[in-house]
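Listed below are the residues making up each chain.
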Amino acid sequence: MTTIDVGMPVSGLRSVPHLPQEAAKQTKREFTSDQEVRWCPGCGDYVILAAVQAFLPELGLKRENIVFVSGIGCSSRFPYYLDTYGLHSIHGRAPAIATGLATSREDLSVWVVTGDGDALSIGGNHLIHALRRNVNMTILLFNNQIYGLTKGQYSPTSRVGQVTKSTPAGSVDYPFNPVSLALGAEATFVARAMESDRAELTTILKAAAEHRGTALVEIYQNCPIFNDGAFEVLKDRSQQEARIVRLRSGEHVTVGAEGDRKVLVRKGSGVMKFIPEAEAATGESGAVVAHDPTLDDPSQAFQLSRLDTPEMTHVPMGIFRQVSRPTYDDLVRDQVRAAVDTAGGPAGDAELGELLRGRDTWTVE
Amino acid sequence: MSSKTVQALDRVVIRFAGDSGDGMQLTGDRFTSDTAALGNDLSTLPNFPAEIRAPQGTLPGVSSFQLHFADHDVLTPGDAPDVLVAMNPAALKANLGDVPRGATIIVNTDEFTSRNLAKVGYTTNPVDDGTLESFHVHPVALTSITVEALAGFDGLTRKEKERAKNMFALGLLSWMYTRPTTGTEAFLTKKFGARPDILAANLAALRAGWNYGETTEDFASSFVVAPAKMPPGTYRNVTGNTALALGLVAAAHRASLPLVLGSYPITPASDILHALAALKRHGVTTLQAEDEIAGIGIALGASFGGAIGVTTTSGPGVALKSETIGLAVSLELPLIIVDVQRGGPSTGLPTKTEQADLLQAMFGRNGESPVPIIAPRTPADCFSAAMDAVRIATTYRTPVFLLSDGYLANGSEPWSVPSVEELPDLHVAFASEPNATDPKGEPVFHPFLRDEETLARPWAVPGTPGLEHRIGGIEKADVTGNISYDPDNHDLMTRLRQAKIDGISVPHLEVDDPAGDARVLVLGWGSTYGPIAAATRVVRNSGRSVARAHLRHLNPFPANLGDVLRSYDRVVVPEMNLGQLAMLLRAEFLVDARSHTSVRGLPFSTVELADVISTTLEELS
Ligand SMILES: Cc1ncc(C[n+]2csc(CCOP(=O)(O)OP(=O)(O)O)c2C)c(N)n1
Ligand code: SF4
Ligand SMILES: [Mg+2]
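Chains G and S are the protein sequences, given in the same order.
For reference, each letter of the first sequence is one residue, going 1 to 365 in my numbering.
For reference, each letter of the second sequence is one residue, going 1 to 621 in my numbering.
Heads up, some of the hints might be wrong.
[Stated by the list, open to error] With the C-beta cut set under 7 Å, the calculated list includes, among others, these residues of chain S facing chain G:
1. 189
2. 232
3. 233
4. 234
5. 260
6. 290
7. 323
8. 417
9. 430
10. 431
11. 434
12. 459
13. 468
In case anyone wonders, no lab produced these hints; they're calculated from the structure.
Here a beta-carbon is modelled for each residue, glycine too, at the ideal position from N, C-alpha and C.
Excised from the complex, chain G in its bound form (with noise of 0.2 Å):
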């Protein structure tokens, strides 16, 4: 078996076809496809459309080497849009199919479009298992904490006491935290950014299209219909500040303005709390907690990820994690590649017959 290097990283679209340096830079219009957009009006859906269809030509990619998969809710009709090769599957199946894809094609950016009852309800099964295996693939869940397309029942990333059609009396559910919940699948990479920071998405995006093995982003996405304001604290400007806690590599982990600034600190036990940035000066509260996402061990992006509560009080924003690890699909392909050239090359019309005879034949004349 021939192994695959990781000490440097390798790009994600490495084996993609890129267009030609010469050729004329792609725009936003020929990603856009002809389809008549159907999500309501003033769904975050559009954003995030908006901010994929301008950033997909930055990659440089041909565009029918590029293929979105997705599965089944308002969020999984994204790939309708896209003047890209679409597959629009079942309800929680997406990574699954694009599993198949990713690994018989590797010329391919593959994408999946999911939404958080498609990826973690009846898909989690499949979600927590790409993860782990690190397939070569992009993965968008749009986290609108609410099943749209069904008309407004919660889901698993509703919050406990969330009034919807299917809970009058208030959901008693626990939710799920995505980025903990890949963290603890051991995702490769895992971020979370707002629909409605564009920058700050696209930045992500591109970092996930480039990273090898599974990205998992989770975008807030505000339903204005069945859940409108889900995310409305951490858009409000008065108060943006004093919750998102923006994850930079290399940077203590701080929340809240200039002024007003708490620095993340760990204390001897382990626990992580925000103080005030003159009191972590001392160093006598604990060590200042800077953010590194290639660290091996995902403890710290775990614990990073449960900061985050439900009243959204500290919300961390960015990347959590980006380490690299093998990829399913790239040693699967191995496998079979060192088998292949062991044996010589392809095999042939001979090499077939040989097998069909199997090792222990007898001749009738």
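Given the coordinates of chain G, work out where chain S with the ligands should sit on it, guided by the hints.
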């Protein structure tokens, strides 16, 4: 050297039976290989419990292997054994009911201890209490003689020596039926090459068994069964699962497309996954998925990418895959679903055979969702059935069901290996350029513009410039493939999908009616082929006429099926279910098809079916 007599026989049925840990399957397999090498025709029936090691010495723990070999063509593994090898009291008790009086029984007396007898409810020892007086009994202290023969092997524990007793039994039976043991010796050398002491012990036990037969007076004569007259060719012995795996690989080779298997282990289909996983050298990719749904999802994803996507499973797995099969029907992409049927419902009888998934394959999805169904008839036939499934899937861009069963999967028979050049050419053309123009005269690609003859849509794989398109499980507009909720369009698309499957080209049904005057037709499908053919042979040998036909294509049916059915006074349909094909025939052709059914987890016996045919003939006369 030996003064013993040698008698010629035309056919023999041997059943090896013992505890799950006694190595009966291996013993049977080896005896089969050595028999095949001699040129006998043969058919085998392994029968083992679902538990890997049920409590030792108990009835649930009994595992057996039956082999029928002859100097003429063999159609079934045989109704009843001529020889039963019973390695313990449980094996004797579990199998004695199948052994006809006058048959030979070899028992391992070492295991007939009062404790072991009590485990299966024998209060006295059947070997000497008269229970077996109507049989030729050979009491052999198999375990202790084996241990004695290995006295010189100081490096081995008593347990390890005892474990070689199956080789002793194999040696003894090989002597009895004059089988060469060279094949087994080579096999053991390969298997135990890394443990020279174990290898030597097994070889010694094998030889000791042979010598025991030759020297003890208990065995007065040995037997020969002359080679069968088989059509010229190169032969090997194959199980259905092996043949099926080879058929898939051969089909991919002849289509020049990669084979991608997505599968989740389940008895009795797992051996196909194992076989294909070992064929990376042939470019085969296998992915063991997290569940059945992912297994078929992976296969479908690969098909979208231009590979031959395959998923292998058994009935419970098909239940989980149903929604994805529906998606494949809607996407109109090639996909192979192998269902190795077992006893159901639910977990049912995992290691036993049944044919009760026909209606699940036919109708087990939401909406109008037609899927072609192909059923192999014998273990070796799984090869060409698999190739045929791939032909239909790729030609018509449709998922295809391949319905094997536990009996075909594990049973084996000699197979005349085809030469690669004579295999069908399965090349497919992917779409490579736009197939229409838009109102402005610009070239466009319509993913649902159909081929006029086959009604298949173009297979345009990602990576092809200019053919970017989106497809999904929502209803699509005819031709353009855009989302459409239009009532007339849905009606049209539903009828087009049905017409495509109905129009698949399948060969006419051939009827076997040598006398040409039969009034009764026996119609079967799948693995009942052997028992039905054997039963009709019995009836014809008694001077009566009966016609026989066997369906390989269950959907669509051969075009002449209705005419065939209507040309007989009586149609009898034996099935290992409660009448599923009969129900389809009645619905489709309004004929009075008579079911004969059995769901005992075992293939029909020849005698049983011959009786059914005889009764039917009498009713008509
Ligand atoms: C097998 C199956 N079960 C149920 C449904 C109904 N269904 C469609 S979308 C959906 C939930 C979607 O929620 P989410 O994934 O959060 O997507 P959103 O619409 O919010 O973007 C459900 C329950 C279905 N299409 N298929
Ligand atoms: S229901 Fe909500 S998520 Fe769905 S399209 Fe409308 S606004 Fe968007
Ligand atoms: Mg949702």
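Each hint tested on the structure:
{"no.": "1", "hint": "189", "result": "violated, 13 Å"}
{"no.": "2", "hint": "232", "result": "holds, 5 Å"}
{"no.": "3", "hint": "233", "result": "holds, 6 Å"}
{"no.": "4", "hint": "234", "result": "holds, 5 Å"}
{"no.": "5", "hint": "260", "result": "holds, 5 Å"}
{"no.": "6", "hint": "290", "result": "holds, 4 Å"}
{"no.": "7", "hint": "323", "result": "holds, 5 Å"}
{"no.": "8", "hint": "417", "result": "holds, 5 Å"}
{"no.": "9", "hint": "430", "result": "violated, 13 Å"}
{"no.": "10", "hint": "431", "result": "violated, 12 Å"}
{"no.": "11", "hint": "434", "result": "violated, 13 Å"}
{"no.": "12", "hint": "459", "result": "violated, 13 Å"}
{"no.": "13", "hint": "468", "result": "holds, 6 Å"}
Consistency with the previously given hints fails for numbers 1, 9, 10, 11, 12, ordered from lowest to highest.
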